[in-house]
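S.K.: We have chain U already, so just place chain R on it with the hints.
Number of protein chains: 2
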Amino acid sequence: MEPLKQPERQEHTDKQEQFERTLSDWPRLDSATRIELFRAIPLDEAEDLLDCMNVNDQTDLLTSMSLPERRSWLRYLDLDDIADILSELPEGEADKWLELLDARSRDKVSALLAYAEDDAGGLMDPRFARVRSTMTVEAAINYLHIQAQEKIPLEHVYVLDSEQKLLGEVGIDTLLAANSDELVIELADQDVVTCPEDMDQEEVGALFARYSLTAMPVVDEDGHMKGLITADDVVDVILEEGTEDAQKYGGMEALDESYMRTGLGEMIHKRAGWLVLLLIGEMFTASAMAKYQQQLEAIWYLAIFVPLITSSGGNSGSQASALMVRAMAMGEVKLRDWWRVFLRESSSGLVIGIMLGLVGLMRVLLWNYFIDPGIYGSSLMAWRLGATVSLSLVGVVLLGCIAGSMLPFILSLCKQDPASASAPFVATIVDVSGLTVYFTIASLLISSY
Amino acid sequence: MEPLKQPERQEHTDKQEQFERTLSDWPRLDSATRIELFRAIPLDEAEDLLDCMNVNDQTDLLTSMSLPERRSWLRYLDLDDIADILSELPEGEADKWLELLDARSRDKVSALLAYAEDDAGGLMDPRFARVRSTMTVEAAINYLHIQAQEKIPLEHVYVLDSEQKLLGEVGIDTLLAANSDELVIELADQDVVTCPEDMDQEEVGALFARYSLTAMPVVDEDGHMKGLITADDVVDVILEEGTEDAQKYGGMEALDESYMRTGLGEMIHKRAGWLVLLLIGEMFTASAMAKYQQQLEAIWYLAIFVPLITSSGGNSGSQASALMVRAMAMGEVKLRDWWRVFLRESSSGLVIGIMLGLVGLMRVLLWNYFIDPGIYGSSLMAWRLGATVSLSLVGVVLLGCIAGSMLPFILSLCKQDPASASAPFVATIVDVSGLTVYFTIASLLISSY
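Chains U and R, in that order, give the protein sequences. 55 is the number that the working numbering gives to position 55 of the first sequence; each next residue is one higher, with no gaps. 1177 is the number that the working numbering gives to position 177 of the second sequence; each next residue is one higher, with no gaps.
Extracted from the complex, chain U is given alone in its bound form (with noise of 0.2 Å):
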């Protein structure tokens, strides 16, 4: 058997390769060729095509259809797939596009039309498999029945009472492996894990890593369960949620829509406004630095090192605000912990300084003995020099750590992202404050002398 089956197989690979290609070649595709594309793929291909397209795709093929054609792909889709497509649309234009839709569905996207899109009652999906709490096994498996040829899924299955309040959970399994005359409501789990209309997707998807969940109902205030979200939505939400923070995180604001998708002047907008105002922020190091043109006449060199202090300080701010901004995402670390925060950044930050301090006093020495001689006057002066170098980085390294990891607390305390404190905004902070650690350091150790 094992040599005639083989082909098969490598079939489906080469099947499952090429639909694959399809769908990484699609964001390149005009509409005109995807319209053309999407007529001539077998049904059940287009079918899988649509659901793994995103929301701003299904929307534009939709749009390029005949009004025949569009309404028969709306039947097929999933409601809540349906009101997010709704929702890309001009308000006109989407009560149009409702109006082909069955009267029931009707109602149904109609509300959830009315949550955010970011909100669990815009993530949820108004369907879900049901069962009464005082049916017997036997009369809920039959119902279930019902429900299985409506075409609605049956992997999570809710014990709800005669006004549609949740009462539990009771999987399809346990109630196979019951006897028929046992009632729904003593074999259900009690415990399920739920969450409001209006929770933040975020944090629908921090539940859904913190419980191991497959699937959470959504329940209003007084207990009625309005719809259910599954894992597979959760995914999208928090590599969504993941590209954002990362965007923030770089020091620009979180794009709408995929790189290559984003227009040239929206790409521009998002990107300049945080960069003129981290300009505006930098100009204080030229103020600063303009204090010290006694220093700067007198010592040339003292210019040179500059950079390097200024980058070691952005750079461990970098790391320390990475480290925070990750860890209050993942609910690791809380408001309250800001004080051990702050005991393990200073004594990281102190270490670190010291170390990259040596290293600092070495180049410095290294130079003056065998690189360039001379070059910073006398052996004394290279030693000064070296010094304020080795104490600076120190010191900039320690303010990096605490700036860096402040940040986040700080904007979170203010209702902020703490992932807007990106790299560029701490770089910004340490490089005006360690400036004038460097240059009060070199006025002390050396143009003093």
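These aren't lab readings, by the way, just hints derived from the structure by calculation. As the structure is a computational prediction, the values presented were derived from the model and not from experiment. Virtual Cβ for every residue (Gly too), placed ideally from N, Cα, C. Careful: at least some of the hints might be erroneous.
BS3-like cross-link-like pairs, simulated, lysine-lysine; straight-line CA separation at most 27 Å [to be verified]: (1) U/K15 with R/K1096; (2) R/K1270 with R/K1108; (3) R/K1096 with U/K291; (4) R/K1015 with U/K334; (5) R/K1226 with R/K1165; (6) R/K1015 with U/K226; (7) R/K1108 with U/K15; (8) R/K1226 with U/K165; (9) U/K226 with U/K165; (10) R/K1270 with U/K334; (11) U/K108 with U/K165; (12) U/K108 with U/K96; (13) U/K151 with U/K108; (14) U/K270 with R/K1334; (15) R/K1334 with U/K15; (16) R/K1096 with R/K1165; (17) U/K151 with R/K1151; (18) U/K270 with U/K415.
Taking beta-carbon pairs under 7 Å as the criterion, some of the chain U residues facing chain R (in silico) [as the list claims (entries may be wrong)]: (19) A209; (20) D232; (21) T243; (22) E244; (23) A246; (24) H269; (25) R271; (26) M283; (27) L308; (28) N315; (29) R326; (30) E332; (31) S346; (32) V351.
M.R.: Relative to the frame of chain U, chain R by itself:
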């Protein structure tokens, strides 16, 4: 009825809150307090707590238990979780724990231990619901009854041939909705997305996201199904990989544990390495500037714009690399796209550079005419300096965008993680080249007169 139900609901919410508090306090407790607390709570809460802990905490807790206690808890856990725990233990110890399991589980766990923890094989659960392709619906449901009694979850049922090769998937809803004498193979969906045992977990996560999966079978090269990965495992993987990427992007080695549980020595080790390397890289800035001794001695205020110029290059580089690292991690941008990215980044960089350049020019002129008249000697000198600063800003922003976006491609080409194109790494590259741009322009526009 309403007011009677309210307290129950409240109780449930309180319980969930109490549980979350225990869970979030857990990392702060020492081993003795943990085991004490664990023994004090009701059994069902203890089960939930153990399920929600990460593998380090699970191992820690089980280690503090007596032998009979450990045996009973090990038998409670899923086989893939046991394998993860055993892989944390020293070899001799792991063997002793293995002996606490019954023979069948021991074999399965041993098989799991052979897979790398970060591979699909290490993520999968070897227990999954299966039916034979030649069964009728009635026989299949009966067979699933038996599996349900063995506590095998029935959310996903796979159709295998007599050699355990995967032929398709069939929902329990489909089985329940079908006629009892239909053949299972005729109901099966044969388009199942699968992955090989050695697929990296990051790719597994990407597949789940791309196809919106809730579960994916792992098959060997001959198509035998070895186990099942479910979306809840993938949520953990994605969050873990996101943290690793964020830390790398912040310019350090990724931590193995959470921030609070990483020892100070380990923390310094993971951070100091990159900082020293970056410091050594940054030393080229001192050498680069030393070449312009003549200019620096003659025109002291050239130095005061150095931090402003270098930081603007670093900031725009940080944005570009954050965008690219994330777009590559999400599979939106592939290696072959480098030229399109290069063109996009060059044009964005040029436009943003000109905007920053204008702001820089205004800064110089403002100081000269209003804030500190005559600081740059003459009006002509102020204009020349303004032109130097603003042209340099255009240059470094352009450099930053190009270096920041191309470095992830270069790393990826060298089989390195693009996430190592950290903000500090990019900033260091841009600092050295940016200073050369600045002093070259200064030589042409100012010093030569």
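S.K.: Hinted pair, alpha-carbon criterion (27 Å max): U/K108, U/K96. Please report holds or violated.
M.R.: 16 Å, holds
S.K.: Next pair to validate is U/K151 with U/K108; report whether the Cα-Cα distance is within 27 Å.
M.R.: 16 Å, holds
S.K.: Identify whether the interface hint at U/A209 stands, where standing means a beta carbon of chain R within less than 7 Å of its own.
M.R.: 5 Å, holds
S.K.: Would you mind confirming whether the straight-line C-alpha gap from R/K1096 to R/K1165 stays at or under 27 Å?
M.R.: At roughly 34 Å apart (the allowed maximum being 27 Å), R/K1165 and R/K1096 break the hint.
S.K.: For the hint on U/R326, does the least C-beta distance to chain R fall short of 7 Å?
M.R.: 4 Å, holds
S.K.: With the threshold set at 27 Å, check whether the alpha-carbon distance from R/K1096 to U/K291 stays at or below it.
M.R.: 70 Å, violated
S.K.: Is it true that the CA of R/K1226 sits at most 27 Å from the CA of U/K165?
M.R.: Roughly 40 Å between the alpha carbons, so the hint for R/K1226 and U/K165 is violated.
S.K.: Starting from U/K270, check that the Cα of U/K415 is at most 27 Å away, please.
M.R.: Status holds; Cα separation ~21 Å.
S.K.: Min Cβ distance, U/V351 to chain R: is it shorter than 7 Å?
M.R.: 5 Å, holds
S.K.: Taking 7 Å as the limit, does the beta-carbon of U/E244 come near enough to a beta-carbon in chain R?
M.R.: For U/E244, the interface hint is violated, since the closest Cβ of chain R sits about 9 Å away, which is over 7 Å.
S.K.: Is U/K151 close enough to R/K1151, meaning Cα to Cα at most 27 Å?
M.R.: Cα-Cα ~26 Å, so holds.
S.K.: Less than 7 Å between beta-carbons is the criterion; does U/L308 satisfy it with respect to chain R?
M.R.: Result: holds, 5 Å to nearest chain R Cβ.
Consistency note: the structure conflicts with the earlier hints numbered 1, 2, 3, 7, 8, 16, 22, 24 and 31.
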